[in-house]
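Enquirer: If you're matching them up, the sequences are chains A and B in order.
Each position in the first sequence, counted from 1, maps to that position plus 19 in the numbering used here.
Each position in the second sequence, counted from 1, maps to that position plus 55 in the numbering used here.
The set of hints was computed from the structure by calculation and includes no laboratory data.
Mixed in with the good hints there might be a few duds.
[What the hints assert, rightly or not] Computed from the model, here is a short list of chain A residues facing chain B with C-beta under 8 Å:
(1) Lys-37
(2) Gly-92
(3) Val-95
(4) Val-101
(5) Trp-102
(6) Glu-113
(7) Val-136
(8) Ile-145
(9) Tyr-146
(10) Ile-148
In this text, a Cβ means the ideal position worked out from N, Cα and C, and glycines have one as well.
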Amino acid sequence: MSSIITVSGLHKHFSVPKRRAGLWGTLKALARPEMTVVRAVDGISFTIQPGELVGYLGPNGAGKSTTLKMLTGLLVPSEGEVWVNGQVPWRERERYVASIGAVFGQRTTLWWDLPVVESLELLQHIYDIPAARFRDNLAQFRALLDMDSFLDTPVRSLSLGQRMRADLCAALLHDPVLLFLDEPTIGLDVVAKERIRQFIQHVNSEHGTTVLLTTHDLSDVEKLCNRVMIIDQGRLLFGGGLPHLMERFGGNRELVVDFAEEYPAVDVEGAAVVARDGLRVTYQFARQEITASALIGRLSARYRIQDLAVREPEIEATIRRIYEEKLLESP
Amino acid sequence: MAKHLRLYLRLIGVQLRGQLQYRTAFLMDALATAVLTMVGFGSLAMIFQRFENLGGWSLGEVAFLFGMVEFSFGTMDMLFSGFDPQHFGQQVRRGSLDQLLLRPLPITLQVLGSKFVLRRVGRIVQGALILLLGILASDVGWSVGKLLYLPIVLMSLVSFFGGLFVLGATLTFWTVESVEVTNIFTYGGSEMMSYPMHIYDEWIRRFFTFVIPAIFLNYYPALYFLDKPDPFDLPPSTSFLAPLVGFGTLVLALKVWDVGLRHYQSTGS
Ligand SMILES: Nc1ncnc2c1ncn2[C@@H]1O[C@H](COP(=O)(O)OP(=O)(O)OP(=O)(O)O)[C@@H](O)[C@H]1O
Ligand SMILES: [Mg+2]
């Protein structure tokens with residue numbers, strides 16, 4: 020077995036007291052609380068191989084963070100097994116967390132009042148990182164993340180993007196074999212997002228670090244992940260490569276044509292007209308039925324064409340469709 | 056172990072640096088704490104103007120007790136600030152505890168190192184002064200035994216109060232509403248411990264004997280130091296239970312704390 024992460028039959032159920040209205044309700048709830056069970060993670064199994072960069076997707080409340088918390092040992096599952104790098108995360112916590120890096124969304128691991136560089140030095144001592152190793156890693160990461168301008172700034176004064184970079188650096192100084200990221204690009208501008216993506220990519224390809232990340236930004240997924248897992252309501256709906264996902268659920272491609280002159284009818288077999296605006300006509304066609312070039316051939320045989328463009332279905336729209344139309348209803 | 060101690064000192068160092076950045080605020084705070092203690096003691100002195108003594112204890116003798124408790128509670132409040140239930144409850148709700156769980160260090164050490172309120176020095180110094188005053192005013196017949204036992208009693212008191220803080224912090228894993236109640240026991244308790252226990256009603260004394268065994272940490276040791284007779288006729292060795300009760304409370308509290316942590320890791324709140 021070569022998987023670095025093995026998750027089988029993972030469950031996490033939370034009991035939340037039911038809220039009741041009014042003073043009487045509050046008193047009753049205190050005396051005999053009625054509990055509702057939230058099945059945040061409801062039977063998930065998967066494996067991840069060393070060196071993979073996997074995106075963990077799902078709508079709000081799907082159970083992504085809860086899963087990550089179990090994988091990092093913060094939470095103990097209600098049921099099921101987790102093996103990460105040969106260890107059970109929540110047993111021997113100290114030994115385990117020394118081998119992983121984790122950044123949870125908007126929360127910082129750094130010391131509020133300390134300049135970034137001193138926070139990092141403190142981590143050197145906490146993780147017992149040999150001095151030479153620390154120096155090398157810091158030099159490398161500060162260049163890649165362009166951290167020079169804010170290394171001496173106290174963490175509390177950092178911008179969101181700077182803080183995220185500092186946190187990423189902090190999570191990797193001890194050369195973890197695994198990196199868990201919960202929404203690493205949340206709230207950042209396009210440039211900052213791009214830099215962070217490049218960094219994650221670098222760490223994955225150069226250091227061989229296995230990465231599992233959650234995100235709501237599908238550009239992250241598109242640019243980074245060789246594999247995605249989609250969950251909803253605590254269940255795994257899809258696991259596989261992005262091309263595979265698009266093939267199955269990507270829906271139709273579109274061909275936008277600007278005709279050279281007005282035609283009364285612009286029908287063509289194999290495609291349907293979905294929009295018509297003067298000389299511009301938009302067709303939709305299924306990739307299983309006809310290729311783009313065949314369609315263009317048919318059209319140009321009949322009409323004079325000025326310009327055209329093929330539009331691929333967007334990942335974003337596709338995934339939204341999967342959530343909304345419940346295309347991946349679990350059995 | 057040595058590594059942990061070094062890291063603890065480093066973490067505390069971070070806290071100190073942060074606080075010393077705001078020197079004026081620090082001085083004002085320390086001053087305020089000191090003034091508050093003084094006011095507390097001043098009102099006590101006023102009572103003495105009227106009544107001469109408090110249940111047979113002179114002002115100096117009460118000062119001895121008062122100083123002991125103030126000094127220890129201040130020291131504890133400085134060292135165990137990370138466990139201050141109010142503060143800790145907030146940390147849990149904010150999810151800061153998760154950040155501690157992600158680091159390869161014992162949680163207890165990290166919580167201790169997560170806050171260190173230097174300005175409690177005001178209360179500590181004040182407590183020490185009152186204790187000294189008490190010693191001077193109530194001619195303690197010093198012996199080697201007493202000299203050795205005084206620091207032990209002070210450390211026991213610190214552990215005891217620390218244990219109460221740890222228990223209070225643990226409760227916040229279940230309910231943050233508990234903080235107010237916990238404060239009654241810690242702050243209120245320490246206040247009541249500053250006075251000789253025999254002036255209270257019997258039920259209060261019982262409470263401080265059987266529920267929160269504070270009487271073994273302040274009153275009985277004080278009887279020994281001040282050579283006062285025990286109005287309740289317990290064996291004289293009762294005065295020496297302080298370390299057992301003090302350190303025992305802390306050890307027990309840390310066990311309960313572990314249970315709380317496990318609860319946290321299963322509920323995430
Ligand atoms: N500690 C907790 N106690 C009770 N319920 C919880 C707890 N943590 C999470 N939940 C519930 O579990 C479900 C899954 O939450 P989770 O945070 O894992 O979702 P998510 O996929 O990360 O969502 P988002 O995209 O919004 O971050 C939600 O219904 C949430 O309310
Ligand atoms: Mg989340």
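Enquirer: It remains to establish, for every hint, whether it holds in the given structure.
Expert: Outcome of the hint check:
For Lys-37/A, the interface hint is violated, since its Cβ never comes within 8 Å of a Cβ in chain B; the closest pair sits about 16 Å apart. Taking 8 Å as the C-beta contact cut-off toward chain B, the hint placing Gly-92/A at the interface holds, the least distance being around 7 Å. Look at Val-95/A: its Cβ gets to within about 5 Å of chain B, closer than 8 Å, so that hint holds up. Look at Val-101/A: its Cβ only gets to about 13 Å from chain B, farther than 8 Å, so that hint breaks.
For Trp-102/A, the suggested interface contact is broken, since its CB lies about 18 Å from the closest CB of chain B, more than 8 Å. The interface hint given for Glu-113/A holds, since its Cβ lies 5 Å from the closest Cβ of chain B, which is under the 8 Å cut-off. This hint is violated: Val-136/A has a C-beta 13 Å from the nearest C-beta of chain B, more than the 8 Å allowed. For Ile-145/A, the interface hint holds, the least distance from its beta-carbon to any beta-carbon of chain B being 6 Å, beneath 8 Å.
Here the hint on Tyr-146/A is kept, as its CB sits about 6 Å from the closest CB of chain B, short of 8 Å. A distance limit of 8 Å between C-beta atoms decides the matter here; for Ile-148/A the minimum to chain B is near 11 Å, and the interface restraint is violated.
This entry does not satisfy hints 1, 4, 5, 7, 10, going by the numbered hints stated previously.
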